[in-house]
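Enquirer: Residue numbers (the working numbering), protein chains in the order written: chain A, 1 to 123; chain B, 124 to 291; chain C, 292 to 637.
Hints listed in this document are in silico derivations from the structure and should not be mistaken for laboratory results.
It cannot be assumed that every hint is accurate.
[To be verified] Here are the simulated DSS-like pairs of lysine-lysine, each with C-alpha atoms no more than 27 Å apart in a straight line: (1) B:206 with A:94; (2) A:64 with A:116; (3) A:37 with C:352; (4) A:43 with C:352; (5) A:117 with C:616; (6) C:476 with A:37; (7) C:616 with A:118; (8) A:39 with C:476; (9) B:206 with B:145; (10) C:476 with B:253; (11) A:39 with C:356.
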Amino acid sequence: METQSLPINYLPIIFQMLVAIGFVVTTMFVTHKIGPKRKTKDKLTPFESGIEVVGNARTPASIKYFLVAILFVLFDVEVIFMYPWAVNFKDMGKTGMIEMFIFMATLLAGFIYVIKKKALDWD
Amino acid sequence: MSTFYFIAFLSIFFSILVISAKNPVHSILYLVLTFFTFTIHYILLNAQFLAVVNFIVYMGAILVLFLYTLMLINLNKEAEPVKPFMVKIAAVFGGGILAVALVSSLKLLGVSDPVVLKNPDLGLVKNLGKVLFNEFLLPFEISSVLLLSAMVGAVLLATKEKEPKATI
Amino acid sequence: MELIDLLIKIALIIVIFVISLVVAMYSTYAERKIAAFFQDRVGPNRAGPWGILQPLADGGKMFLKEEIIPTNATGFLFIVGPSLAILTACIGSAVIPWGQNLEIGGRVIPLQVTDINVGILYIFGVVSLGVYGIMIGGWASNNKYSLLGAIRAASQNISYEISMGLSIIALLMVTGTLSLGEIAKQQHGFWADGYFSWNVFKQPLGFLLFIVCAFAETNRSPFDLPECETELVGGYHTEYSSMKLGFYLFAEYINMFISSAVMATLYFGGYNFPFMDLIHSPNLVAILGVVALFIKIFMFIFFFMWVRWTLPRFRYDQLMDLGWKTLIPLAIANIVLTGIFMTFFK
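Work out the full structure: start from the sequences and follow the hints.
Expert: Rendered as structure tokens:
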């Protein structure tokens, strides 16, 4: 039987986050203090290869990207469902495998639908 | 117990920041922090798998989707809708009624017993898997149909034939 | 937890933190030297003997450069972007087992910050947070190139995350645990029960999928579209300067180090090495194990660089097609094959 971890085992992760945050904040502060500051108007415009900037970058983009993101969320949930199954795979044997294959088949049908609809084609 | 109160205070604090922040991207960052405190709550309950699911699905997937949506829409000042004065009055009124209802229902409820976990190891991945694939097999299989319908819906909404192509 | 244990943990955290920073720094030097070797050049050779002090000079330069925040940028988020990028790169190392337990004066010191039950999922979660740094930085710059780079980077990362998760599932079916410490222990030695004990021999296709996804998640060539110079002038970090740019570049190298460590632990036996049972002193085994792990990590880092200076970059539609239409079906096939094999041939 493997050793089970308790909530206290997660404390070092918090420490590590604090160390990392400390490092980032200190570095940002020091570099802000010791760097030279010679600001001119041209320097502070967005860099667009020397061409006069038209408008700004707050523009709508293609819905394809949004579709990728929403499909990612759905597949991510699917993958998460598979973790408890994969860990128990050896104990559950054949029935467990059939159970999961039914689940996967449903999602595979969805995946094939997505591909057939050409939702992921970039042109 | 004091850890719980500290984390609970942080959760409420960050969630208030979520709704009071002016910049929508700031709101999302505060929401990330709120979900992070939820993750700590799950760990304190020894529900480690749920904690990490909350971490991956909510912080890593759903909020990325939110951020995505924000980046893809027009966030210029001019495009912001101006709400009429009456709408604001109605919002304040509605919020007030909701607050009264919540406070009165909490008063009726009284202090409940704190939840005592009968089996503190239930939240571990292995045990969770055993429960999920025996007692709750049917809901699990049905959830795949739910995911399938969400997938079909997203594709139907996002792919329209003969649309002018976006530039970016 | 006792106070002394706590202090040991904190010391370990800081040592690992410093090691990952130093490895990341010297990876930049190695990258330039290796690129020079592949292109028949000399590479950096001015700062110190063989240019060995070059990373320090680069770091010092980053500190002393002027910090530019464009007027159109969203000021606070512009600073948060690179900070988040390096923060998520730095916290991944917490669950990696760096070696077996050391025994000093009767006290057992584990060479792993913490061995949690859901170690792999923690890494997976940290990887999925890596998107934030790039997206927020690119959006806050308010530059069209940066926005495009950020959106591309985000959709690339999330697309490859799915196949990464699926390839890990096939591995978990073999190991039966999510704890990285346990997985490293299972791969003891090199040969056990009439077969290789390292997971790469049990999951060759899974490893191939994982390493491709690791390249995509760290935005390394041939998946470095978010920062391609020719079309996007640097991508999401076009507007960045001084240490903020340094953080973005640095985060890439730290990610490379951490993902190499994860690959070595998951598939190449971690701190295990062949014939380790012949050595009887446990402390010596532990130290040699750390050395073995680092040799594996450096091999992977070299492989990352080798690929970078050999393969050209993908086109965007090729990248998406590879991620969605090739890797995901392959990963699912891998799971099905592993399941059938383990049920019927064992």
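Enquirer: Each hint needs a verdict: does it hold in this structure or not?
Expert: Comparing the hints with the structure gives:
{"no.": "1", "hint": "B:206 with A:94", "result": "violated (60 Å)"}
{"no.": "2", "hint": "A:64 with A:116", "result": "holds (15 Å)"}
{"no.": "3", "hint": "A:37 with C:352", "result": "holds (15 Å)"}
{"no.": "4", "hint": "A:43 with C:352", "result": "holds (20 Å)"}
{"no.": "5", "hint": "A:117 with C:616", "result": "holds (13 Å)"}
{"no.": "6", "hint": "C:476 with A:37", "result": "violated (54 Å)"}
{"no.": "7", "hint": "C:616 with A:118", "result": "holds (11 Å)"}
{"no.": "8", "hint": "A:39 with C:476", "result": "violated (57 Å)"}
{"no.": "9", "hint": "B:206 with B:145", "result": "holds (15 Å)"}
{"no.": "10", "hint": "C:476 with B:253", "result": "holds (24 Å)"}
{"no.": "11", "hint": "A:39 with C:356", "result": "holds (13 Å)"}
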